[in-house]
Structures are given as structure tokens and as C-alpha cells.
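All chains, please: the whole structure from these sequences, using the hints.
Taken in order, these protein sequences are the chains called A, B and C. Sequential numbering from 1 applies to the first sequence in my numbering. Sequential numbering from 1 applies to the second sequence in my numbering. Sequential numbering from 1 applies to the third sequence in my numbering.
If you're looking for bench data, these hints aren't it; they were derived computationally from the structure. Certain hints may be false.
Same chains, same label: a pair holds when it works inside one copy or across any pair of copies.
[What the hints assert, rightly or not] Capping the alpha-carbon separation at 25 Å, the derived lysine to any residue pairs in SDA-like fashion look like this:
#: 1; residue 1: Lys70; residue 2: Gly24
#: 2; residue 1: Lys70; residue 2: Val26
#: 3; residue 1: Lys70; residue 2: Ala23
#: 4; residue 1: Lys70; residue 2: Ala10
#: 5; residue 1: Lys70; residue 2: Pro28
#: 6; residue 1: Lys85; residue 2: Glu9
#: 7; residue 1: Lys85; residue 2: Pro130
#: 8; residue 1: Lys3; residue 2: Gly36
#: 9; residue 1: Lys70; residue 2: Gln20
#: 10; residue 1: Lys70; residue 2: Leu125
#: 11; residue 1: Lys70; residue 2: Val32
#: 12; residue 1: Lys3; residue 2: Pro28
#: 13; residue 1: Lys70; residue 2: Leu25
#: 14; residue 1: Lys70; residue 2: Gly148
#: 15; residue 1: Lys85; residue 2: Glu5
#: 16; residue 1: Lys70; residue 2: Gly58
#: 17; residue 1: Lys70; residue 2: Leu11
#: 18; residue 1: Lys85; residue 2: Leu11
Given the structure is predicted, the values throughout are model-derived calculations rather than measurements.
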Amino acid sequence: MTKIEARLEALGLILPAALQIPAGLVLPFPWVSVRGTRVFISRHGAQETDGSLSHPLGKVGAEVSLAQAKELARKVGLSILGSLKRELGDLDRITGWAKALGMVNSAPGFGDQPAVINGFSELILEVFGPAVGRHARSAVGMAGLPFGMAVEIEAEVLIAG
Amino acid sequence: MTKIEARLEALGLILPAALQIPAGLVLPFPWVSVRGTRVFISRHGAQETDGSLSHPLGKVGAEVSLAQAKELARKVGLSILGSLKRELGDLDRITGWAKALGMVNSAPGFGDQPAVINGFSELILEVFGPAVGRHARSAVGMAGLPFGMAVEIEAEVLIAG
Amino acid sequence: MTKIEARLEALGLILPAALQIPAGLVLPFPWVSVRGTRVFISRHGAQETDGSLSHPLGKVGAEVSLAQAKELARKVGLSILGSLKRELGDLDRITGWAKALGMVNSAPGFGDQPAVINGFSELILEVFGPAVGRHARSAVGMAGLPFGMAVEIEAEVLIAG
Numbered sequence: 001m002t003k004i005e006a007r008l009e010a011l012g013l014i015l016p017a018a019l020q021i022p023a024g025l026v027l028p029f030p031w032v033s034v035r036g037t038r039v040f041i042s043r044h045g046a047q048e049t050d051g052s053l054s055h056p057l058g059k060v061g062a063e064v065s066l067a068q069a070k071e072l073a074r075k076v077g078l079s080i081l082g083s084l085k086r087e088l089g090d091l092d093r094i095t096g097w098a099k100a101l102g103m104v105n106s107a108p109g110f111g112d113q114p115a116v117i118n119g120f121s122e123l124i125l126e127v128f129g130p131a132v133g134r135h136a137r138s139a140v141g142m143a144g145l146p147f148g149m150a151v152e153i154e155a156e157v158l159i160a161g
Numbered sequence: 001m002t003k004i005e006a007r008l009e010a011l012g013l014i015l016p017a018a019l020q021i022p023a024g025l026v027l028p029f030p031w032v033s034v035r036g037t038r039v040f041i042s043r044h045g046a047q048e049t050d051g052s053l054s055h056p057l058g059k060v061g062a063e064v065s066l067a068q069a070k071e072l073a074r075k076v077g078l079s080i081l082g083s084l085k086r087e088l089g090d091l092d093r094i095t096g097w098a099k100a101l102g103m104v105n106s107a108p109g110f111g112d113q114p115a116v117i118n119g120f121s122e123l124i125l126e127v128f129g130p131a132v133g134r135h136a137r138s139a140v141g142m143a144g145l146p147f148g149m150a151v152e153i154e155a156e157v158l159i160a161g
Numbered sequence: 001m002t003k004i005e006a007r008l009e010a011l012g013l014i015l016p017a018a019l020q021i022p023a024g025l026v027l028p029f030p031w032v033s034v035r036g037t038r039v040f041i042s043r044h045g046a047q048e049t050d051g052s053l054s055h056p057l058g059k060v061g062a063e064v065s066l067a068q069a070k071e072l073a074r075k076v077g078l079s080i081l082g083s084l085k086r087e088l089g090d091l092d093r094i095t096g097w098a099k100a101l102g103m104v105n106s107a108p109g110f111g112d113q114p115a116v117i118n119g120f121s122e123l124i125l126e127v128f129g130p131a132v133g134r135h136a137r138s139a140v141g142m143a144g145l146p147f148g149m150a151v152e153i154e155a156e157v158l159i160a161g
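What follows is the structure, given as C-alpha cells:
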């Protein structure tokens, strides 16, 4: 077992299956794309262990509470780790997290985007530790997200050359 | 004729002239900026062959339909290719598409951003093929875009060192 | 005195202290993160010389005027330079600005995001000159920003290897 997989197991974390894409939807892009030492992660939403879309959907600050949104952001992190494992084979190949853009489907007046995206950042730091897990971050409010999802995150990580 | 130019011609695609910037507007940044092997593409909107802003303007899901928005996203792709050709001289220099951020000026409740930005992704894959054209992608809803444009996209591509 | 510091002094510019983070808020990410030759800058807002949050807060086009927002964007630039100096030690280490994403908390119908973010771009060009300061840029409208800030910017710069 690799180091990161052992860490995931010790934390009791399970990576979800690939997203079940709604019928009729075509997504002509990869969830993760490797170009040299750079690994580009397309926006991910939250999904359950079986790959189904997590709920609740809707705007944070209205249909979705801050606590629910933070938990969704943590699940987005697990979705991303699942995609990275499927693409890289071994999560130990990741030498550093570079950056993340946390996007929160925000009701008018909602301004706690950082507290939401902390659900993601805390997960990454728990799993990878501060040296590898450290990442620049923005957490901002969007007018809408695909399928009415509450939280989406895109990111970039680095692997050895 | 280079390979990509031949491909554009075979597809009947014409790259638009540089954007006609509205009078009084100063844009103190380049459309495309090369730093080493990385090519940064500022946000582009859709423009017609003569460089004029494409219509309709407005929010997707309200004034602009999904089909119109997808066509605008395709035109954004052509605008980007025009800027890349002016900056790089030869589109064959592009060794890989890295990532794109698709921004959709979204009416309340609109959640079909991926279907809109497919207009861009499908164009890039048609012109560059899957190996070079493959790109990580996010497609999200903005509260507003410059001049009320419906779709904007920023991206990064790679060239040989 | 280094070249960029001399330039800041000649322009009469003072870099603000680190942001005073509101009580109870945890931000588990660095303002600036260096990975090799790439320097990732997390989203910054505008802050006063003492590190307190700049005002006004609110949506541009409603509570915040275009002129105020442009001035806030310039202050965001100074905040970013302050963080870069604290992390890099010497701003002369910066060999090139790569890209910036300017995020404007936008009231319905506001479409002058580029004119707002010019406050940032003009500062960077004044301080670093066109060769180093040149950056790809997007300027877009968000549905909300942390604490109701009017303008935030994230960016990437490069340093020598």
C-alpha cells in the first residue's frame, strides 16, 4: 500500500467512483489531464461513494447551509482524489499541490465562501501534510454552477518529471 | 500551409480579425502572453470575422438561448485561435492545450454551463485532435461579463521550448 | 535598496501590512506559495497600510462606484506586492508576471469589469515596466466575494530557477 493510500485508510476515507454523468450530457474533456509535470484538474463537484451526485443542490446561503456546503467541499476533495488516482495510478506521485479555485453557488448576500472551501483545504492538508498539501487558493461566489451544484473546485497539482 | 491552417481550411473555418475595442476603453494587457513554453490567453469573447463584437449580448437562460450561447462559445474559440496566430505566427507551434475556464453570464437558475462551453471544446478537438487538443476545463456561471457578453473563455496552451 | 523597492519609493507607494484576519476565521492556505519557478498568489482583497480591510464593501454598480472600485483594485495590487515581498524577500526576484484573474462583485447589469481591474494592471505596469509586468488577464463579475469585498484578484508570477 502506498503512503497516501495508507493515510486515507487511517483516516477512514473512501474515494468515490467516477461521476455518473446524467443521460444525454456530453463532457468532451478529461477530469484530469497530465502535461509534463503539471496535472490539470477540471472542475469537480461532490459525489457519493457510488459516483452519484451529492445533495443538497442549490445556492449556499439559501437552500444549502454553510455546514452542508463545507461538507460538500470536503466531498469535492474526495472526488478529485478519486479522479487523480484513476489518472495517475498512485497518489504518491503528487509532489505538490499548486493552486485551487473554489467556486460557491452563492445566494445574494452570502460572503462566507472561505469557510465553505475550508472543507476542501483541510482535507488536502490532512491527507498530504503541509509540505505537499500547501496550496494557493481563491474562494468566490458564482451566479450558477452546472446542475445547480452548490460547490465546485478546480485545481492544479505537480508530479515528478 | 501549415498543418493546423490546412485543417482550418478543410473545416471551412475563418479566424476573425483582432477585436475592435470600443472607443474610450483601454485594455492594458495582451490577448496572448508567452512566458517560456507557457502561453497565457486572456479572456476572449465572441467576435465576427471583421473583429466586431458578436451578438446577442445578455444573460444565458434569459436573453440568450442555450443554442445561441453554444454557438457564441464556438466563436470565442475562433477568436482565441486568431489571437494565437497573431502572437505565435504559426498554430502548429502549439504542443498541447492545458486548460480552459469557460465563463457563462448566467440568468438565475441557469445550470447548463457545460453544454454552452462544449461549443468551444468541440472546436478545439476538431482542429487539434485529441492528443494536442485535450484540455482540462471548468464551465461556470458569472454574475456579469464585460459589455454584457454572454460567454467568455480564458485558457493556457503550451509550446515547445 | 533593490530596483523595485526604489521604484515603489519613487512612486510614493507603501506596501500594506499583512491582512488583519477577522476573529474566528481560519484561512488554511498561504497568501503566496512558491513551487519551483512558479509563484501562486491566492486571491487578495484591498487593505489599508495597517492591514485592515479597505472600504467600501459591497457590489460594484450599486454600493461601490466604478471610480472607487478601480482604486480598490489598485490597493489589491499593493496588497499582493506586500505578500510577495514577505514571501520572496526581494521583489526583484520576479522575472515575469504570468496571469491575473480579476473578480468584481457585480451588481445586476454592471459590465465595466475591465475598467475596474485596470487599477491593478496599471499599477503592475508602473512598478515592473512592460517586459516584466505584462500579464494575461481576465476581469469578470462574481455573485459574491468573501466579507462582501468589492474586488479580489488572484495571480501567478515567475521567478528565476
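Each hint tested on the structure:
In the homo-oligomer, the alpha carbons of lysine 70 and glycine 24 lie at most 25 Å apart only across protomers (16 Å), although the nearest pairing inside one protomer, at 30 Å, exceeds that limit. Within a single copy, lysine 70 and valine 26 get their C-alpha atoms only as close as 28 Å, which misses the 25 Å cut-off; across copies the closest is 13 Å, which meets it. Taking the closest pair of Cα atoms, lysine 70 and alanine 23 come within 25 Å of each other only across two copies (19 Å); inside a single copy the shortest separation is 28 Å, beyond that limit. Taking the closest pair of Cα atoms, lysine 70 and alanine 10 come within 25 Å of each other only inside a single copy of the chain (22 Å); across copies the shortest separation is 46 Å, beyond that limit.
Within a single copy, lysine 70 and proline 28 get their C-alpha atoms only as close as 29 Å, which misses the 25 Å cut-off; across copies the closest is 14 Å, which meets it. Taking CA atoms no more than 25 Å apart as the test, lysine 85 paired with glutamate 9 passes inside one copy only; the shortest distance there is 14 Å, against 40 Å between copies. Both within a single protomer and between protomers do lysine 85 and proline 130 lie at most 25 Å apart by alpha-carbon distance, with minima of 20 Å and 22 Å respectively. With identical chains, the CA atoms of lysine 3 and glycine 36 are at most 25 Å apart both within one copy (23 Å) and between copies (23 Å).
In the homo-oligomer, the alpha carbons of lysine 70 and glutamine 20 lie at most 25 Å apart both inside one protomer (22 Å) and across protomers (23 Å), since each shortest distance falls under that limit. Proximity of lysine 70 and leucine 125 under a CA criterion of 25 Å is satisfied intra-copy only: 15 Å inside one chain copy versus 35 Å between copies. Proximity of lysine 70 and valine 32 under a CA criterion of 25 Å is satisfied in both settings, with 23 Å inside one chain copy and 23 Å between copies. Proximity of lysine 3 and proline 28 under a CA criterion of 25 Å is satisfied inter-copy only: 23 Å between copies versus 33 Å inside one chain copy.
Taking CA atoms no more than 25 Å apart as the test, lysine 70 paired with leucine 25 passes between copies only; the shortest distance there is 14 Å, against 27 Å inside one copy. Within a single copy, lysine 70 and glycine 148 get their C-alpha atoms as close as 16 Å, and across copies as close as 19 Å, so both meet the 25 Å cut-off. For the identical chains of this complex, lysine 85 and glutamate 5 are intra-copy neighbours only, at 10 Å inside a copy versus 37 Å across copies, given an alpha-carbon limit of 25 Å. When the C-alpha separation of lysine 70 and glycine 58 is checked against a cutoff of 25 Å, the pair qualifies both within a copy, at 14 Å, and between copies, at 24 Å.
Taking CA atoms no more than 25 Å apart as the test, lysine 70 paired with leucine 11 passes inside one copy only; the shortest distance there is 18 Å, against 43 Å between copies. Proximity of lysine 85 and leucine 11 under a CA criterion of 25 Å is satisfied intra-copy only: 17 Å inside one chain copy versus 37 Å between copies.
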